[in-house]
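First to last, the protein sequences are chains A and B.
Heads up: the first sequence begins at 1 in UniProt numbering, then just goes up one per residue.
Heads up: the second sequence begins at 1 in UniProt numbering, then just goes up one per residue.
The set of hints was computed from the structure by calculation and includes no laboratory data.
Coverage of chain B stretches by chain A, computed from C-beta distances (three or more under 8 Å per stretch; other residues unrestricted):
| # | stretch |
| --- | --- |
| 1 | 156 to 170 |
| 2 | 266 to 277 |
Chain A regions said to be covered by chain B (calculated; three or more residues, Cβ under 8 Å):
| # | stretch |
| --- | --- |
| 3 | 81 to 94 |
| 4 | 105 to 115 |
| 5 | 210 to 223 |
| 6 | 271 to 285 |
Just so it is clear, the structure is predicted and the values come from calculations on it, not from any experiment.
For each residue, glycine too, the CB sits at the ideal point set by N, CA and C.
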Amino acid sequence: MVLPVVLVIAVLVLYPLAQGVFFTLTDINESSIANPVLDRPATYEWVGLRNYLTVLSGDASYGAFWATLLRTVVWTASCVLLHYGIGLGLAVLLNRQVAGRAVYRVLLILPWAVPAFISAFAWKYMFNAQYGIINQVLRALGLPDPVWLGQSNWALVAVVIVNVWLGVPFMMVSLLGGLQSIPADLYEAAEVDGATPWQRFRHVTLPGLRSVSSTVVLLGVIWTFNMFAVVYLITGQNPSTRLLITYAFERFFSGASRDYAVASTYGVLILSVLLVFASGYRRALRRQGEVW
Amino acid sequence: MSIEAASLRAATPARESRRAKRSRAASIGLHAALVTASLIAVFPVFWVVVTSFKPDALAVETTPKLVNESSLDNYTRILSGEKGDFLAWFGNSVQIALLTTVLAVFLSATAGYAASRFRFPGKRKLLLSFLVVQMFPFAVLIVPLYNTLLALGVQGTALGLVLVYCTTAVPFCTYMLKGYFDTIPADIDEAGRVDGLSPFGVFWRLVLPLARPGLAVTSFYAFLTAWGEVAFASAFLSAADESKTLAVGLQVFVQQNRTEWGHLAAASTLVAIPAVAVFYLVQRFLVSGLAGGAVKG
Chain A
1 MVLPVVLVIA VLVLYPLAQG VFFTLTDINE SSIANPVLDR PATYEWVGLR
51 NYLTVLSGDA SYGAFWATLL RTVVWTASCV LLHYGIGLGL AVLLNRQVAG
101 RAVYRVLLIL PWAVPAFISA FAWKYMFNAQ YGIINQVLRA LGLPDPVWLG
151 QSNWALVAVV IVNVWLGVPF MMVSLLGGLQ SIPADLYEAA EVDGATPWQR
201 FRHVTLPGLR SVSSTVVLLG VIWTFNMFAV VYLITGQNPS TRLLITYAFE
251 RFFSGASRDY AVASTYGVLI LSVLLVFASG YRRALRRQGE VW
Chain B
1 MSIEAASLRA ATPARESRRA KRSRAASIGL HAALVTASLI AVFPVFWVVV
51 TSFKPDALAV ETTPKLVNES SLDNYTRILS GEKGDFLAWF GNSVQIALLT
101 TVLAVFLSAT AGYAASRFRF PGKRKLLLSF LVVQMFPFAV LIVPLYNTLL
151 ALGVQGTALG LVLVYCTTAV PFCTYMLKGY FDTIPADIDE AGRVDGLSPF
201 GVFWRLVLPL ARPGLAVTSF YAFLTAWGEV AFASAFLSAA DESKTLAVGL
251 QVFVQQNRTE WGHLAAASTL VAIPAVAVFY LVQRFLVSGL AGGAVKG
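Construct the complete structure from the given sequences, taking the supplied hints into account.
In structure tokens, the structure reads:
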């Protein structure tokens, strides 16, 4: 029964991946790729590790790799921290007996249901410097009204806000499920022992959420690291919000000759960073006695 | 809100006897926090809907109003195809999203069940590889996938795109469903076998109905994956207007009509409605379905 899935994944992921890795060692682009429509054979050539060397040298015309990597890490860390913190806070609130809990839950999960490109459009409209509702409110309150989506770090702040808005529901729902699986006796026992609410949270809730948390945080990091739609649709090719993945896309889609080789090189580097992170994360969890 | 702030009212389990103990102030604080969060969650969507009724020129006024010569004009113009072949895009998106959902849920349910119940060589590696597949940036895959689809003869067709979306959706769904199947006791399978069901009969008639929350979550995920995807759709579908999906069509629309906020908002609202409808159908299963998968994951 597993066979169909393995087959689909092998044909549509592993084989393309191998081919993608191969492309990073060539100078393939729009004009050298085989084109069956025009009946043109492939003319790209083997260039060894040249793509990796130019990208890793941090050359600005190749996307300033190290600065972009740093920005991507900052982006991922701030998004996932906020996702997790806000998601956990809301999950804890929703796990209590509250009047209208079902209504709150539906409203809070709504951002997840809206397609990302619609949300991107909505926020772009709201962030507009002159007539966007956010700056109008800020002006009314006498606060400074930055040009959110210009060439400054405000743009990065803006996309982080949007991505946090988008990503909190998934965390909240997962953690809420985790909270509901913690047996109530544990809390009663803790209360009998005179634990304060903070101690109960610290020593019952957090350990009880361990296995859910480790999974959703890892998924969150992977998804955020590769989050393309939000950033690209809101700020386009803005260097202040350039992430590894959006740069790969820029390289792939724009420019006179679409540079598939460098785009693939970026892809392989992204994959390596994530693999290193995931194995380190796994090792850290295992050291704490987590079986995963 | 930080974890600390939340935790002050945190760890009280949800029980009726405790509820009486909560002070009035805590109760107000709880509702205030939830109302604020809900407002933030809903506002962008609400604002798009409000804007969708305004004429383009009034959508960018410096004093925002809820209603400003609002009418259904934007909607009628979009549905009549004046702004691109909206209905064709809509049909394509529905077709692709539904096919993806059916195929992905079927594949991942069978694979997840097998991974949950049977022992076979390489099982752990298989599950781990599903997680690793999540890490593949499409930037590496996009050119080779294009070649693969060409070789399979489905490049530029809806089916090709469905297959590509399945590669995104199936690993995550399998992972979730395997965890969910693990929470269903294997005794049930055995009882079914004793009563004379075939292995597939057990899966189809006993396990799947019990796994409805898990299936709901995975269908939701698969549907949204296909419904809102932009990058692959813009790379793989032919440039002909009538073969685009909504995500692609709307991007073109945005680029060509930067100032038509009212029309864009109306189109966005129309696109969001099916997604929100699917969401509403499955939302009551979301918490239990996702919990089963992630806890055991």
